[in-house]
Amino acid sequence: MNLRRSAAVAGKEWRETVRNRLFLLMAFLLPPLWMVVFSYGLVLDVEHIPFAVLDRDQSSLSRDYVYRFIESRYFDYRGSVQDEREIDRMLGDTAIRMAIVIPQRFEERLSAGRAVTVQTLLDGTFPLHADTMKSYVIALNRAFSQELLAGFLARTRGVTSAETRRLVEPVTLETRYLYNEEVRSTWSMVPALIMFTLMVTSPLLTALGVVREKETGSIYNAYGSTVSKAEFLVGKLAPYFIISAINVAVLWAIAVWLFGVPFKGSATLFVTASLLFILCGTGIGLVISLLVRTQMAALIITIIMAMVPTILFSGLLVPVSSLSPGARLQAHAFPAMYYTDVARTSFLKGLDLGAMWTDMLALAGFAVALWLVAYGLFTKRPKT
Amino acid sequence: MKGNGLGGSEAVRVWALRLFVMTRKELLQLGRDVPLLLFLIYSFSLSVYISGAGMMMQLNNAGLVVHDGDRSESSRELIHRFHEPYFRFDGEVHDPRMGLERLDRGTSMLLLDIPPRFHEAIMAREPVSVQLQVDTTNAPQGLSAASYAARVVGEFSFDLTSSRLIGASGGRMDVPIVESAHRVWYNPNQDETWLQSIAHLLRMITLFAFLLPAAALVREKEHGTVEQLLVAPVTPLQIMLSKVLAMTLVVLVSTMGAVAIILKPVFGVPVKGSFALFLILTALYSFTMAGLGLFAATVTRNQAQIGMVSLLVIAPMLLLSGITTPFEAMPSWVQSLMALSPLRYFVDVTYGILLKGVGVDVLWDSILAMVLLGGMLFGLGMWRFHRQFE
Numbered sequence: 001m002n003l004r005r006s007a008a009v010a011g012k013e014w015r016e017t018v019r020n021r022l023f024l025l026m027a028f029l030l031p032p033l034w035m036v037v038f039s040y041g042l043v044l045d046v047e048h049i050p051f052a053v054l055d056r057d058q059s060s061l062s063r064d065y066v067y068r069f070i071e072s073r074y075f076d077y078r079g080s081v082q083d084e085r086e087i088d089r090m091l092g093d094t095a096i097r098m099a100i101v102i103p104q105r106f107e108e109r110l111s112a113g114r115a116v117t118v119q120t121l122l123d124g125t126f127p128l129h130a131d132t133m134k135s136y137v138i139a140l141n142r143a144f145s146q147e148l149l150a151g152f153l154a155r156t157r158g159v160t161s162a163e164t165r166r167l168v169e170p171v172t173l174e175t176r177y178l179y180n181e182e183v184r185s186t187w188s189m190v191p192a193l194i195m196f197t198l199m200v201t202s203p204l205l206t207a208l209g210v211v212r213e214k215e216t217g218s219i220y221n222a223y224g225s226t227v228s229k230a231e232f233l234v235g236k237l238a239p240y241f242i243i244s245a246i247n248v249a250v251l252w253a254i255a256v257w258l259f260g261v262p263f264k265g266s267a268t269l270f271v272t273a274s275l276l277f278i279l280c281g282t283g284i285g286l287v288i289s290l291l292v293r294t295q296m297a298a299l300i301i302t303i304i305m306a307m308v309p310t311i312l313f314s315g316l317l318v319p320v321s322s323l324s325p326g327a328r329l330q331a332h333a334f335p336a337m338y339y340t341d342v343a344r345t346s347f348l349k350g351l352d353l354g355a356m357w358t359d360m361l362a363l364a365g366f367a368v369a370l371w372l373v374a375y376g377l378f379t380k381r382p383k384t
Numbered sequence: 385m386k387g388n389g390l391g392g393s394e395a396v397r398v399w400a401l402r403l404f405v406m407t408r409k410e411l412l413q414l415g416r417d418v419p420l421l422l423f424l425i426y427s428f429s430l431s432v433y434i435s436g437a438g439m440m441m442q443l444n445n446a447g448l449v450v451h452d453g454d455r456s457e458s459s460r461e462l463i464h465r466f467h468e469p470y471f472r473f474d475g476e477v478h479d480p481r482m483g484l485e486r487l488d489r490g491t492s493m494l495l496l497d498i499p500p501r502f503h504e505a506i507m508a509r510e511p512v513s514v515q516l517q518v519d520t521t522n523a524p525q526g527l528s529a530a531s532y533a534a535r536v537v538g539e540f541s542f543d544l545t546s547s548r549l550i551g552a553s554g555g556r557m558d559v560p561i562v563e564s565a566h567r568v569w570y571n572p573n574q575d576e577t578w579l580q581s582i583a584h585l586l587r588m589i590t591l592f593a594f595l596l597p598a599a600a601l602v603r604e605k606e607h608g609t610v611e612q613l614l615v616a617p618v619t620p621l622q623i624m625l626s627k628v629l630a631m632t633l634v635v636l637v638s639t640m641g642a643v644a645i646i647l648k649p650v651f652g653v654p655v656k657g658s659f660a661l662f663l664i665l666t667a668l669y670s671f672t673m674a675g676l677g678l679f680a681a682t683v684t685r686n687q688a689q690i691g692m693v694s695l696l697v698i699a700p701m702l703l704l705s706g707i708t709t710p711f712e713a714m715p716s717w718v719q720s721l722m723a724l725s726p727l728r729y730f731v732d733v734t735y736g737i738l739l740k741g742v743g744v745d746v747l748w749d750s751i752l753a754m755v756l757l758g759g760m761l762f763g764l765g766m767w768r769f770h771r772q773f774e
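Chains A and B are the protein sequences, given in the same order. So in the numbering used here, spot 3 of the first sequence is number 3, and the numbers just go up one at a time. So in the numbering used here, spot 329 of the second sequence is number 713, and the numbers just go up one at a time.
Please note that a few of the clues may not be correct.
[Said to hold, decoys possible] The list that follows gives simulated cross-link-like pairs (lysine to aspartate or glutamate, EDC-like), each with its CA atoms no further than 16 Å apart:
#1 A:Lys229 - A:Glu213
#2 B:Lys605 - A:Glu215
#3 B:Lys409 - B:Glu604
#4 A:Lys264 - A:Asp352
#5 A:Lys134 - A:Glu13
#6 A:Lys12 - A:Glu213
#7 A:Lys134 - A:Glu213
#8 A:Lys380 - A:Glu107
#9 B:Lys656 - A:Asp88
#10 A:Lys214 - B:Asp417
#11 A:Lys134 - B:Glu539
#12 B:Lys656 - A:Asp93
#13 A:Lys134 - B:Asp488
#14 A:Lys214 - A:Glu13
#15 A:Lys264 - B:Asp488
#16 B:Lys648 - B:Asp575
#17 A:Lys264 - A:Glu181
To be clear, the hints were calculated from the coordinates, so they are not data collected in a lab.
Just chain B, with the same shape it has in the complex (with noise of 0.2 Å):
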């Protein structure tokens, strides 16, 4: 390229063609890997659709078992108020042990144990107690079950109250209480196919960004393929911009796919903000992720190694970015090495596009910190692939 005798604009010219000729190459290879190509349209597909459709990480169908030991009217009343989606009634039992014993199993999750003389004491007006145990090895499911539970109970004493002093004044009576008025932003229904097909988009897309460019390049690695390319006349950033170039357009292709056949059409996902906006940054994560990528293949010398170091890297991005809980509730160390997982600033962006509609007058944050990501961990990936073959 540098004086090889070619004008400025031709040079240019042949530089790119140089650049395309190999994301061509790149492109072909994948194509050729039908098992891995049809894993990637199973990915963005099918797999989008499961996990949109299956998860749910509200409370939903928790087994509740009954112990009713008074079988009256206000019992009856008091058990028909635990009700789905949230809890699955799945019978009395006679003996309260009968029922720990399923808790024992995990067939049910809450057992509620109603004492004898329920009824009398409510009509007698004292105070009177039931009994909740809940099955806690799933600690923050288990607590969300005892809060609706709490809940549960707690509105059936207030309207015993409220009635008791209505009846009192004669009908017609004000409280002071206040009473609670919720809005719901950005999913008013509280609609989780929105957040889980959303995050299961993110997964793959920062999987694949991953994993493809820097496979690709270890693989030349392994099989020695690369010094060919290298005393071709390509220079070692023409090599590893084209493979980034080739997957990021995979990613991205695929993305646009999942998004206009599975989240908008199946499961209703607003796309509040600018569609082209959430590609370009998609675009953006992508080539921050393949900056990531190939850093990590420059590192290693084999194909298992780079599935290892994958793994090193990718748990802990996809657990702790932020994908299915608010980053906020995060420990502060995990807030603080997150920081340098582009994933967090890329989980702002797409929920920020795609559900509450904001552009980059609210995202230049984010978007400033990918773009300095991604330049770092490019730069630093070409560094390193530099000094191994020069």
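In isolation and in its complexed conformation, chain A is listed as follows (with noise of 0.2 Å):
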């Protein structure tokens, strides 16, 4: 291994990167940009959802309880209808999620002290926000019900209003929130859209590298000279490893510095996973420019590689625990998994080595792993 060839690999590989201007650009530009687009855009939380009403009794009672939905933040009101068929049309529109249909004798039966079912019907093209859509109407009718209640045991048995407080709600649920009190969407995003952002662009800036040469022929230059196999992919993966590093810290001060993400854990640790990571995603755009012979192939097969198990198995959406056992291998199976645990980690709950060393293990093992991948694949006398 003779570092000053790689040396020489690298240089021509950096020249050959700074005059492709648009490239190196958005090599530096992409990071940040999706950094600060997908904290601010990508809202998992649901809120505003459209919905209307159906109201069948038109009580003053049953106006009062549309208007605490149309009060709540969870819920945008969406008018009211007169029919069924109306709720029909607005639901396959996609005019609203949701609506509430009120019965008949609403008021008159709860004045009564009898039970009263309210129907709503929900769009379940979301089965997820179908689910959250049900618990915010249970929660919104339980609290309904216990005002209800509660006036109507003081009417009919004289009992204090403390007392029927005490009565409707025996057993109540505190709630504390751990490592993010605030529940702060960005926090845990941010971090993990760390890892997504290197994910995808780094293997990208190395898919290239060894099939355009294959493309043009320009390879046999390489085949036909002093430079070793090793020499020669050290030397084609340094400029980008260079590039993903600076990316790495400009990620972590937008993180820090403009979403104001706390950083509780070790920053070399923190670090060193970085680094293990990015040479995981350059690794895995090395082998593919490897294998394939076309750089038409290269880039597709790359972009889907590095998006798709990256947006859907790495726990950026979706905790890994929570997938099916299929799904859970594959991500295992790929190191994103991994980094996010460690970013998550490092910047909110601020651990020491003892709770992160299989995902460090995991993520060297990945990073030699490609490397001897490449390694192995890698002939400078091809059959052809």
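Two chains, two frames, some hints: make the complex.
Structure representation (structure tokens):
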């Protein structure tokens, strides 16, 4: 291994990159741009659910009931309708996601101390949202019922309001949110977005490196030179590794200074994990580059390979523990998941190596394995 | 073409023939790229299956550890109500600190702490509270788990109240409460595989419909073969159109395959509306995305650049067009920005036809938006292409 020869390859690669202006610009521009756009834009909270009301009672109590929904920040009132056919149409057109049907004699029955069933029609296209809507409705109904009940008991039994409150809610739940006390979406999103950004951009940087030379034939210069396999691959990887490393620093700075996410963990650990992770990312690109024959194939395969598992199976949107066993297996076979763990833990939990050594080991393992695969795939004596 | 001395219909025939030959060339070229072809097949089959079966956004399997300081009938009854599939019981701990350690390590997500004298307090009709600690490093999931837990405890509490009231009134008691009845439409069992498999198909259509033509055009530019095409008796329109047609065809066939082999038989996605309409609109969408791809290809010089530009354009589209989260829940600036994303309209079309069973009468505005965007992008691409070579 002669580092001077690697440096020569790296120098040539770097010069090509610098002359490819748009590419270089994007390599530095994309990560911070995405970070900002997705941190502000990728909102997963379920709020502003558009809904309509079919009020068959038209009483003051039913209006009071509907008003609770209109007031709530979770719901967005889109008017009242006259019959169920109109609900059909609005749900079909996605003008609303939910409709509330208040039955006749709503007020009459409740004032007489009897139970009433209110029906909600939900758009089930997004099952998670249908579920959340159900929870909101149930919580709202319960609060409304408790008030009714308290009033009813005070009227019929003459108990004081303090006592009725105790009677209608004997057991309460106190919830404490850990690590992200105010449950800010951005705090949990930003560390994962560092992972997303690095995972999607770094393979693409290297993906075309070798296959471009194969396609244009300039790879024969390398075949015919004294540069060894390992020297060549290191040289090919080095410039892009450095670009990604700079991006790590930029992304970290954006997370801490722009979004104010606390960094509670160890900087050394985070940097080590990040460097291992971009080694994996650039390694994936390199392996794809060695496997295919055309740049077009390298490009498409890399983009999809990098983007799809990273969106789905990395813990970005959904924790790996709630995936099905098959998908969980795929998540474990991909480095992104481990780095998401390290990033979130380093930012929000601030634990030491003891809690993260398995993740670190996995990242190191992937980096070494990818390197060995690349080394094994690259040959200076192609068959044709 | 113009004034080649041919008659009108003859000119059209020659024009179409040339377009056909060019389209065939694109398909042949793609067919010879074996790794890419294999990957295409994987993307529309196995990959759709894995995502459909594997992704669960609904709260599922959230690890719960319990510190039961009471060990009574009531506390066991409450713990029992935290059940699968939402919660996974990770066992009891003797000390809340041990539970917190599990949360630290990320092996469990929630710690439920039931105080001593819980049962006694309930029997004595004193108010009592239980504590829940939630790991919110993943904020939406943490919130979702907390709201489920609140639902569980709320029900427990409410059942106590009603049993007391009924007990007091001698067995028969009507109480003024509002009960909730839900009817879920379009996906009555809330089967998430429907959403996830369709969502994944949408991602694949988007990626391939954009990348295939874009890469095909840039490749010709990079290799210089586009110069040959330009001196050949074909117009720039034919060069671009042939790529769009070929790749649209590929995407369309793959989509049909994915629906016929995975979506319908494996996951039982209903396909309530007209499948033919869905295919026609998929073709329209592919055409629109191809227009965007070709436009991107005209502003780049080599495939490394088109790769970066693709990331710039595609990633926000995939994450912000409302594939797996309702579009109206996005911040308003995202909604305005994504009005330019053809995918945003195709999402409505796809869910509308496959799940809701609606037709053109409801979807006309989305269709119109796709037509306009597609025409605009294709026109813009043509204009740039012309300018670059003439």
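Take the C-alpha atoms of Lys134 of chain A and Glu539 of chain B, compute the straight-line distance between them, and say whether it is at most 16 Å. holds (14 Å)
What's the verdict on Lys134 of chain A and Asp488 of chain B, does the C-alpha distance respect the 16 Å limit or exceed it? Violated, at roughly 31 Å.
When you check the alpha-carbon spacing of Lys229 of chain A and Glu213 of chain A, does it fall within 16 Å? holds (15 Å)
Are Lys656 of chain B and Asp93 of chain A close enough, with their CA atoms no more than 16 Å apart? holds (15 Å)
Below or equal to 16 Å on CA atoms is what counts here, so check Lys134 of chain A against Glu213 of chain A. violated (57 Å)
Given the hinted pair Lys214 of chain A and Asp417 of chain B, is their alpha-carbon gap at most 16 Å? Answer holds: Lys214 of chain A to Asp417 of chain B is near 14 Å, not above 16 Å.
Given hint Glu604 of chain B paired with Lys409 of chain B - CA-CA distance at most 16 Å: Given pair Lys409 of chain B, Glu604 of chain B holds - Cα atoms ~13 Å apart, limit 16 Å.
Just to be careful, I want the Cα atoms of Lys264 of chain A and Asp352 of chain A compared with a cutoff of 16 Å; is the pair within it? Answer holds: Lys264 of chain A to Asp352 of chain A is near 10 Å, not above 16 Å.
Quickly compare the C-alpha distance for Lys134 of chain A and Glu13 of chain A to 16 Å and report which way the hint goes. violated (56 Å)
Tell me if the straight-line CA distance from Lys12 of chain A to Glu213 of chain A falls inside 16 Å. The hint holds at about 12 Å.
Quickly compare the C-alpha distance for Lys656 of chain B and Asp88 of chain A to 16 Å and report which way the hint goes. holds (15 Å)
Hinted pair, alpha-carbon criterion (16 Å max): Lys380 of chain A, Glu107 of chain A. Please report holds or violated. violated (85 Å)
Violated hints for the displayed structure, listed by number in ascending order: 5, 7, 8, 13.
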